[in-house]
Each structure stands twice: as structure tokens, then as C-alpha cells.
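First residue of the sequence shown? That's 0 in numbering that gives the first Met the number 0, and the numbers climb one at a time after it.
Don't read these hints as lab results, they were simulated from the structure.
Just so you know, not all the hints are guaranteed correct.
[Unchecked claim] Simulated DEER-style distance windows between Cβ atoms:
1. LEU455 x ASN483: 41 to 51 Å
2. TRP211 x SER24: 34 to 44 Å
3. LYS16 x GLY190: 13 to 23 Å
4. ALA488 x GLU235: 19 to 29 Å
5. ILE475 x GLU77: 23 to 33 Å
6. GLU287 x ARG261: 28 to 38 Å
7. ARG261 x PHE32: 53 to 63 Å
8. GLY423 x ILE491: 43 to 53 Å
9. LYS16 x ARG339: 23 to 33 Å
10. ARG63 x ASP487: 38 to 48 Å
11. GLU315 x ASN483: 38 to 48 Å
12. ALA51 x ARG446: 19 to 29 Å
13. LEU476 x LEU212: 33 to 43 Å
14. LEU455 x LYS141: 19 to 29 Å
Computed from a predicted model, the values in this text were never measured in an experiment.
Built from N, CA and C at the ideal position, the CB exists for glycine as well.
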Amino acid sequence: MEAPEDTSQDAPISYIKKLEAAIGSENVNTSKFERLLYSHDLAPLPKEAQLAFKNIPDVVVRPRSTEDVQSIVKIAAEERVPITPRGSSSWGLGGSIPVFGGILIDMTGGMNKIVKIDKENLFVTVEAGATWKQVYEACLAKGLLLGSYPSSFPSATVAGWISTGGIGVGNYKYGAAGNNVRSMEVVMADGTVINTGFDAVCDNSSGYSLNWLMVGAEGTIGVITKVTFKLTPAPEVMRPLSYAFDNLEVIGQPLMDVCRARVDPLHISFGDGRHYELLRKAGKHAPEVGSMLSFLLEGDKVTVQHEEEVIDKIMEKHGGKKMPDSTAQHEWDERCYEFRSREIGLGHIPGEIIVPLTQFDAMAKDTYALMDDMKMEGAVIGIMADRNTVMFMPYYLFDSESLLKSIASLAFNKKFGDVALRHGGRPLGFGIFFASNLKTLRGEAARHMKAIRCALDPNEIMNPGKLTETITRQGILIPPALFNLGMDALSIGKKMLPKDQEVDRKAREYEFERRDKEKTEHRH
């Protein structure tokens with residue numbers, strides 16, 4: 000792929016006026032400050048990243064309808080301008096930030112409505128920029144359950160999580176986002192609008208699955224504008240359970256026993272002692288445990304009671320201590336706020352991999368060894384994705400004001416993915432930074448994925464520089480070998496730096512500020 004021309008200087012002449020005429024000047028923004036806000040996602044990026052990637056868009060547009068998105072895409076196709084669709088950017092791999100500037104489409108402002116909740120046919124249709132929390136709560140109020148959603152569901156948008164093909168809350172019982180999609184409305188690269196399925200029935204035996212083509216495509220094939228999800232009747236009971244263990248390495252076997260039993264929790268999650276210690280340092284309520292394994296059961300009372308009895312026996316057999324209901328409820332209520340420890344004032348970067356459940360203990364041990372080897376301060380949390388797939392989500396805290404540490408810390412995710420591969424698993428997601436992994440993970444299939452992308456978007460305007468290749472703003476392709484070499488070099492550099500010791504200092508500062516604020520409020 001050739002890098003698109005730098006259009007920032009002549010953008011107002013070439014296509015800004017067209018955009019203003021098509022969707023209204025109030026929905027087209029070229030302010031430098033406004034554009035800077037869209038130049039990063041969840042993970043912090045140093046300004047030096049601009050040397051490799053033109054992360055600042057030339058213009059930000061906020062469509063109000065599918066017709067607006069269609070107009071934007073047609074203009075981009077005519078002008079050969081790159082497009083970056085964006086939701087709330089609660090992901091950290093650069094999938095929703097530009098590589099070549101161009102048009103950034105913010106789906107959160109004008110396209111966040113719930114279009115229809117159909118109780119009779121058990122589906123909900125929503126616009127792409129709606130948040131998962133918004134949709135989940137609206138359905139629950141109607142007595143219907145949306146089976147799964149991302150852990151960032153208070154802010155994450157519907158199309159964003161679908162585009163990453165993510166794993167989240169409820170995945171164990173109801174599958175990920177793609178498993179619950181009935182249909183999507185998508186604007187393709189030539190401006191045509193398609194429906195990928197059927198609202199009221201499944202799309203089996205209907206040709207290629209266009210639903211699954213869009214799931215995990217990271218916006219490189221089309222812009223999702225509406226989604227229809229299948230629903231299920233809301234449960235009679237939702238029952239959280241938590242059990243404490245001495246450390247993380249010992250919960251692999253009790254997890255195995257639960258996942259091989261005839262019980263079907265909606266959600267299974269775990270956290271290590273480091274995680275709860277960091278939460279306490281941030282002034283949050285957290286139990287003092289070596290690790291904790293939590294479940295959410297749902298269904299009718301009789302079924303839930305039976306499943307609880309089965310899980311109780313398994314946990315007791317392996318030395319698990321059942322925690323009070325208040326602790327279990329707190330864990331469930333906090334399921335979407337697992338990174339509260341960053342409130343002490345440090346940057347954080349989470350990692351995500353999956354491995355077979357049989358590798359749980361070994362993966363936990365090697366994760367700690369890697370964090371210690373790279374002198375990082377962090378913790379390990381995770382969930383069960385299905386009966387045989389466990390997702391590890393370690394996160395590490397670092398001084399984001401240190402450019403060297405910020406960049407070097409990115410190498411952890413690469414090395415962490417390598418550990419997962421050795422244990423029969425793999426890393427999750429590609430974005431900008433890990434697109435070179437595609438060939439490593441998919442082999443010859445990567446070539447066919449690239450061919451599909453090029454066939455549907457021959458001008459390569461749909462979120463270019465992501466997923467199938469890492470390419471700089473100068474048009475330099477970064478092959479897997481060079482990517483691996485660079486990450487290995489960063490890893491070595493991180494090991495040579497002093498051990499991260501920012502958490503305790505920041506925690507003391509945070510506690511001092513909190514107490515000082517409380518005293519001031521008390522005096523007034």
C-alpha cells in the first residue's frame with residue numbers, strides 16, 4: 000500500500016466544503032485543539048509517535064444518520080481520503096486513531112439512539128454510537144437480557160466492541176458480541192449501504208456470513224451504522240459468588256472442575272492479590288486475599304440454587320473460602336471498573352491473551368516471571384471466555400511522564416503474547432501497533448484476509464494501516480521480522496532501566512491529597 004498524500008494543507012479546498020454541504024458545517028470540525036483530542040485512544044502515546052504515524056486527523060465529522068455516513072464515505076472515495084471510524088476509544092491498540100490523518104468519523108454524538116426494542120421477536124436495534132450500558136439497561140427495563148458486553152460497557156460503543164471482536168462479561172454463557180448479532184447496517188467503501196443479516200431470524204444457510212466478516216474487522220471493511228442484537232428473557236435471579244484462595248496459581252484446578260461440570264455461569268472472573276492491593280493503595284475498598292475467583296449465576300431460583308451448591312463443593316474441595324455476599328456483590332458491581340488503581344495518577348497499559356484452561360497455572364507463573372523480568376509494577380486479572388478458553392488481562396502502572404518508560408513498556412504486550420503462544424494460546428487484537436502479528440498468527444490465511452480487504456476497498460481508504468499491516472505515514476511497511484526485532488530491543492531497554500517504583504510514591508501523594516480535601520470540606 001502507498002501512503003495517502005498529506006492533505007492537511009489543501010483539505011479545506013479539496014473536500015472540507017463538500018463535507019459541510021453534505022452533513023452541515025456544524026458537524027464538521029477542523030479546530031486544531033479538537034483534532035488533537037482524537038489523536039490517541041486508551042493507551043497514552045508520546046507526541047514523538049507523530050514521526051511514524053499521522054495520528055491527528057485533518058477533520059472530525061459527526062454524522063447524525065446512516066445517510067450522513069454514506070455521504071462522508073462517498074466524498075472520501077472520490078477524494079481518495081482515508082477514513083477512521085471511532086467510538087469511545089476504550090481500546091488500547093490504536094485501532095481508532097488515524098495513521099494518515101484524513102477524516103475521523105465520531106459516531107458517539109449524533110448516532111447513539113436505541114431504534115427499537117421488539118419484545119415479541121426478542122431483538123433490539125441500536126445505532127452504532129450507543130453505549131453498551133445504555134442498551135443493556137434499556138433492554139433490562141423491558142424484561143429482556145442482552146447476554147454479553149465489554150468490561151468497559153459504561154463508555155464503550157456498540158460498533159467499537161464488535162469491530163474489535165472482543166471478549167467480555169457474559170462471554171462464558173452467551174458468547175461474545177458477534178454471537179449475539181442478528182444483523183448490521185454497514186456503509187461500504189464505495190458508499191453503498193448493506194444489511195448483513197436478518198433482524199428477527201438467524202442468518203444460517205444464507206451465503207457467506209457478512210455478520211462475522213464485520214466482527215473483528217476493526218473498521219477496515221466498512222462503517223457500521225446500526226446493529227440488531229438477539230435478546231433473551233431476563234432472569235428471575237442474578238446471584239454473585241466469590242471465593243478467596245492463597246494465590247493465583249492454585250485456582251486453575253477449581254476453575255477446571257467448574258468448567259467441566261454441568262453448571263453454566265453467566266460470567267467467571269478472577270483477580271490476584273496484587274490487584275486488590277493496588278486498589279487499596281488507590282483508596283478503594285478491596286479484600287485482603289491472595290486471589291479471588293468470582294461467578295455470576297442467573298436463571299430461575301431452583302437452577303441458581305443448584306449451581307451454587309455444585310460450585311460451593313468444588314471450591315471447598317480445593318481450599319477456597321467463600322466470601323460474604325456483600326463482597327461478591329461488590330465484585331460484580333465493580334466488574335467494569337477493574338482499572339481504578341490508575342486513579343493514583345499513573346499511566347497504565349493492559350495486556351490481553353487467551354490460552355487453554357489446561358495452561359492456567361503455567362501461564363500465571365510465567366506472567367509473573369515476565370513482569371518481574373521487565374521490572375514492572377502491575378497485577379493480573381482475567382475471565383473465562385468459554386469452557387476451555389481463559390483470558391489473562393495483566394496490567395501495569397508506569398510513570399507516563401517518562402517517554403522512555405512509556406515506549407519501552409509497550410514491549411511487554413509483545414513478549415506477553417509470545418508467552419501465550421508457547422502455551423498454545425495467542426494475543427488478542429491488532430490495531431496499529433500489533434498488525435504485524437497477523438501473519439504470525441494466521442500464516443497463509445493472512446494473505447487471503449488482505450485480498451478480501453483489497454477487493455472490498457480497492458482504494459484502501461477504510462482505516463488504512465491497521466489489522467492486516469503496520470505501515471508508517473511515509474508508506475514504509477513494517478514486516479513481522481522488523482516488528483519482532485524492534486519489540487525485542489525495547490524489551491531489553493526496559494530491563495536495563497531501574498525497577499518501576501512509582502506506585503507507592505504516587506499512592507502516598509494521592510492519600511495526602513485525599514485527606515487534605517476531606518479536611519477542607521469538613522471545615523466548610
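Right, here's what the structure says about each hint:
1. LEU455 x ASN483: 41 to 51 Å: With Cβ atoms ~29 Å apart, the hint is violated.
2. TRP211 x SER24: 34 to 44 Å: At roughly 38 Å between Cβ atoms, SER24 and TRP211 fall inside 34 to 44 Å, so the hint holds.
3. LYS16 x GLY190: 13 to 23 Å: Cβ of LYS16 to Cβ of GLY190: about 19 Å, so the range 13 to 23 Å holds.
4. ALA488 x GLU235: 19 to 29 Å: violated (56 Å)
5. ILE475 x GLU77: 23 to 33 Å: Taking Cβ atoms as reference, ILE475 and GLU77 lie about 27 Å apart, which means the hint holds.
6. GLU287 x ARG261: 28 to 38 Å: holds (34 Å)
7. ARG261 x PHE32: 53 to 63 Å: holds (57 Å)
8. GLY423 x ILE491: 43 to 53 Å: violated (26 Å)
9. LYS16 x ARG339: 23 to 33 Å: violated (45 Å)
10. ARG63 x ASP487: 38 to 48 Å: holds (47 Å)
11. GLU315 x ASN483: 38 to 48 Å: holds (46 Å)
12. ALA51 x ARG446: 19 to 29 Å: For ARG446 against ALA51, whose Cβ atoms are near 25 Å apart, the range 19 to 29 Å holds.
13. LEU476 x LEU212: 33 to 43 Å: Hint violated: Cβ distance 24 Å, outside 33 to 43 Å.
14. LEU455 x LYS141: 19 to 29 Å: violated (36 Å)
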